[in-house]
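Number of protein chains: 4
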Amino acid sequence: MSHNSFGHLFRFTTWGESHGPAIGCVVDGCPPGLALSEAEIQPFLDKRRPGQSSFVTQRQEPDQVRILSGVFEGRTTGTPIALHIDNQDQRSKDYGEIANSFRPGHADIAYEWKYGVRDYRGGGRASARETAMRVAAGAVARLVLGGAVRIRGAMVALGADTVDRSQWDWAEVDRNPFFCPDPTAVARWEEKLSGIRKAGSSIGAVIEVVAEGVQPGLGAPIYGKLDADIASALMSINAVKGVEIGDGFASAALTGEENADEMRMRQDGMVEFLANHAGGVLGGISTGQPIVARMAVKPTSSILTHRQAVTKDGENTELRTKGRHDPCVGIRAVPVAEAMLAIVLADHLLRHRAQNPGAPEVARLPR
Amino acid sequence: MSHNSFGHLFRFTTWGESHGPAIGCVVDGCPPGLALSEAEIQPFLDKRRPGQSSFVTQRQEPDQVRILSGVFEGRTTGTPIALHIDNQDQRSKDYGEIANSFRPGHADIAYEWKYGVRDYRGGGRASARETAMRVAAGAVARLVLGGAVRIRGAMVALGADTVDRSQWDWAEVDRNPFFCPDPTAVARWEEKLSGIRKAGSSIGAVIEVVAEGVQPGLGAPIYGKLDADIASALMSINAVKGVEIGDGFASAALTGEENADEMRMRQDGMVEFLANHAGGVLGGISTGQPIVARMAVKPTSSILTHRQAVTKDGENTELRTKGRHDPCVGIRAVPVAEAMLAIVLADHLLRHRAQNPGAPEVARLPR
Amino acid sequence: MSHNSFGHLFRFTTWGESHGPAIGCVVDGCPPGLALSEAEIQPFLDKRRPGQSSFVTQRQEPDQVRILSGVFEGRTTGTPIALHIDNQDQRSKDYGEIANSFRPGHADIAYEWKYGVRDYRGGGRASARETAMRVAAGAVARLVLGGAVRIRGAMVALGADTVDRSQWDWAEVDRNPFFCPDPTAVARWEEKLSGIRKAGSSIGAVIEVVAEGVQPGLGAPIYGKLDADIASALMSINAVKGVEIGDGFASAALTGEENADEMRMRQDGMVEFLANHAGGVLGGISTGQPIVARMAVKPTSSILTHRQAVTKDGENTELRTKGRHDPCVGIRAVPVAEAMLAIVLADHLLRHRAQNPGAPEVARLPR
Amino acid sequence: MSHNSFGHLFRFTTWGESHGPAIGCVVDGCPPGLALSEAEIQPFLDKRRPGQSSFVTQRQEPDQVRILSGVFEGRTTGTPIALHIDNQDQRSKDYGEIANSFRPGHADIAYEWKYGVRDYRGGGRASARETAMRVAAGAVARLVLGGAVRIRGAMVALGADTVDRSQWDWAEVDRNPFFCPDPTAVARWEEKLSGIRKAGSSIGAVIEVVAEGVQPGLGAPIYGKLDADIASALMSINAVKGVEIGDGFASAALTGEENADEMRMRQDGMVEFLANHAGGVLGGISTGQPIVARMAVKPTSSILTHRQAVTKDGENTELRTKGRHDPCVGIRAVPVAEAMLAIVLADHLLRHRAQNPGAPEVARLPR
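Chains as they are written, first to last, in the numbering used here: chain A, 281 to 647; chain B, 281 to 647; chain C, 281 to 647; chain D, 281 to 647.
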């Protein structure tokens, strides 16, 4: 049991605080023989990196990852892969206020009660900076899954403003600073988030991640369910307050007839589902359909407006959070959500292989 | 790693199929010295038991639990507690259809691809019958948490029909067959669900569970977050497709100002939160506020209408599910959700004690 | 983490006390499709069963195992396998002495300090009766390993009287009540142990277990070493005080030249080792050579001679243990040791498959 | 499940290869508030460091540890502690021979079969260099245990030459290059090991570690036994082939009367044991007596004499291992064994606290 590790067979452990000398992780369980270098990881980190638009924090971190172990002559060896990123922009500032009082919506007061001591600089361990290592580990997970599996994420709602799904264009996602898949929403979101940013406020978001090409059979009843692990993985991301698979909360309003994902045989022996309300998971096990998950990200707790708070000494106070913050943390959560989905799938792929060596890799019948 | 165990320090492992001779679980990690007998467990099983109203399956199962180990002279001994329920009403019937074809929305086809063999009788291992053991283990978890912690659940939406929160009355929950907390909704729901049942259809639901009296400090960053474990616990329940903590998906539409749970000192040194958007968890750690979680339950997949399906041999077919089914599985999921929340909290209480022996049990400052 | 589970991918959890209504275990992670019935398990239980010669306890337990889940139409389904044995001969007796005082060499006082409560009847959870479930789980593990792997055990020393290895005959093991492989030792041991039994005394033993046909590659650095897991598995057996792999403690007295297991290529591309000082494990990983492990079993602590002891109330006392006991618990530990070795190997086979799907199953070069 | 992590609640994960840029570990689960700096760790690393006498490898490694996370203002914060040591003396040399052939007694061939790829430089991951991180993590574990627990190790046999226990002097251990507790043996060992070193040979050893001041109640039945975890911990150290607790293999030759550790009440209510054949553990649980464990270390496999071996391509060859090696790896295993014992105890202390919060910290009766 570890509070800083995720996964079972493909497992990673992260360490590091926002303003410590470095952050890092150890990826354990990666099969041997995979081609891996920093170049395989860096592009994903760049996607998450701060300072890339006016809509994300202006902290400057090159986030250059180094591989310190587990790779020899360009290939993984089956031994643990240590990934390391030096922290650069630990801007010196007066942390007096944050050291002695607890910001609403932040983990400050919870850490105080649990530990009695915390590295308050930049949020310490509770900072979303930790998610850089998830993205790095996720890049390794993608290698484990192989090229047939494609994992992509998008922001589908900025506050209450939801994308028009009929306009969905994956190519658009990389063209705007929001990972927004709907070209018609981008201008609206720019205007809206600019206003929020200038007001020193923040807003929530909904992120969707989709994995295509996943073989059937990943996951397991009862407490090894693929969707339960996805839920845990996404809920563990900073600021996430809700997780859905497939139709999610909308499925509560459906009838059994509406919700059924009917099946037909294709000529080639492959099973075709006529809908995907289930989001690619039945009974906790993948069906070969796209795996679809969404998560709700709350608005950044760091805002410029004064809020009522309390101090370490038990006094009332008022706080506003100065400093460089994301007006919508949901944006940078997109590559993190992709990474977590990749990690869950890689872990389950290895588990599946262990106990079901003869299982088919495609959704064909008869098996 | 086990696919049939949940929890780390308070850990339970379930076994058994819907139509096997029995179902059971082993609860491991329960502290010694707690007063435990079947009488502590049975009332929770009775709440979940089938056959209690026309709105749930008519399968007759007394669900009498027996304690086979781990208790001596009425007290837990710290050794594993084996709980056992004999299956009674394994109605003999022709399983030919279900044996050779895959019901939409059910785990059938996923099991086929994963295992190539399955106990299809009544859904086998994928049956919600397994949740009886969660409820039994949950009763033990409540003892671990002690009397100060109160865990209650309610159904807050039947299909799209949501309760009026201004009418919330916990006492009402035990007075109607829906665990509905809103007296003004009960008659509507009765009419609605009667119609659905008679039509051989089904409907989804939303369940809310609340834990009051939970001490601050339970949970841990980063992958031991209390809310991530709750998400995993609830998502592992049959038919659940979404999970929320606190404001959940609604928080995506809030601004940082709206979402902040401001704090004030009370005269007695206790911290008072002015709102609970967070649902009692900050940074993955409990704050002493009520822990609030919701889950979306999809409509029962077993319906009387024909749906397109496929056979084991790769042929098209049409299926309708005869037999005794719940028109809304959400109802009986209420005690299961309560149990899972109790189990997560008991597990985290033990974890917290291990590493933070001096931490305070109340939300007081200075610590 | 569980104190009553062993293994990771092939994992079993035991429960039950010596004089409770039953004992049982849940085997989790067994691959689907294996032919399994009680008949596969019972012969191993019979080998361990009490009451079979004058050299073991006269408690009468048929130890009839029942499979309560995880098997359908004679095949494992991949879901948890619950195994159940009713306790029969819970002879009623006065437990006053053992309830209130602590027998030297027994776990009594350690349980008292840890738990403050214990089921003292027949040793409760600390009784070697628990090992019946290891033997049952071991039978399942053998199926996972398949017919090519042969696991056998023998008693190689009764007290200080060691077998003559030049006389080793595996067939002899099943012909005498000691699992002794040396026909020349049997008569000596009979005489010796008869004397010990009549004197109400007891004696220790050394057990050796050997697994042949194990593929290379099982195990892993650094904390997943096959030999470390074997050590843990054997040391967890009641009364075991020492564990060796290969030459074990004797290797401390060797030089590097003596200890080297030199290698030669056979005509058929297989690697031949010229010795097996290593006991089949290098760097924590199997080499294809026979895996050889030994364990030292201390003398039964229950003896008829009075020994100084203390009571629950902190008074001095003297104790002698009446009742039915094994004069040499090492004898019945032989099938238990075999079972534990099988379980470790099955677990590692699954782990190996997960992360090294292309690894060879034989010790051939080039790989 | 991780092959590179050890422990459950106090858990560490190591990474790094002998000739990679660095080695490191992440210590997870350390309670908050402990005073920790590099100065707390370095002395233990210095004890293990190569190059300190002619009896150990001449590789020069300062082994300066850096703490990269988990400590703030000199105190642990409860978040993961990353420890980092840069590798310095990665002497460039021709690895052709070792790259393409497999040294007898080394992990080379086992890695080949398992992974098909390995970092052969200096043994890569299989090098005992990894044990530096165990020693570092062990220093943190000692802090968790607190000052009342004293853990010390000694070499008790060099080859077949065993210390005279009547001469045991812990102070002597730090005065000679062997960690030998018997002043009368030191000169003999110096002469013997000098000869072995000059001959390019090597020799095995037996190491004993003792923990005093351990509270009763640590450990747990059945698969959480303290001695089983110690066995696993010690067996996981490079070159270890056997592990004993208390009298170990010698107990096999004892009668029940001889082996009984009788008990008496002291005036102050403490229980006094009249012997410690058990080595401080009964039923897998500590009794408050000193915990005594021994391990057998095989002779270093790297020797200057030619041995028959095989190549990656399946050809016969002969190998001798040039380079800087320890003539007796047992020497430097002493601080490693101490560290592993500290880690096991720290892990069990946290586990014990979790489930038995009211258990006594001393061996007193009535409890």
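Incorrect hints may have been included.
Identical copies carry no separate label here, and so any pair may be met within one copy or between two of them.
Claimed, not checked - Simulated pairs of lysine to aspartate or glutamate, EDC-like, Cα-Cα distance not exceeding 16 Å: (1) K592 - E542; (2) K602 - D444; (3) K602 - E537; (4) K478 - E537; (5) K592 - E552.
Read the hints as simulated data drawn from the structure, not as lab findings.
Results for each hint:
For the homomeric pair K592 and E542, the shortest alpha-carbon distance between copies (15 Å) is at most 16 Å, but the shortest distance inside one copy (58 Å) is not. Taking the shortest alpha-carbon separations for K602 and D444, neither the intra-copy value of 35 Å nor the inter-copy value of 39 Å comes in at or below 16 Å. In this assembly of identical chains, K602 and E537 lie within 16 Å of each other by CA distance solely across copies; the values are 14 Å between and 52 Å within a copy. In this assembly of identical chains, K478 and E537 lie within 16 Å of each other by CA distance solely across copies; the values are 14 Å between and 48 Å within a copy.
For the homomeric pair K592 and E552, the shortest alpha-carbon distance between copies (14 Å) is at most 16 Å, but the shortest distance inside one copy (59 Å) is not.
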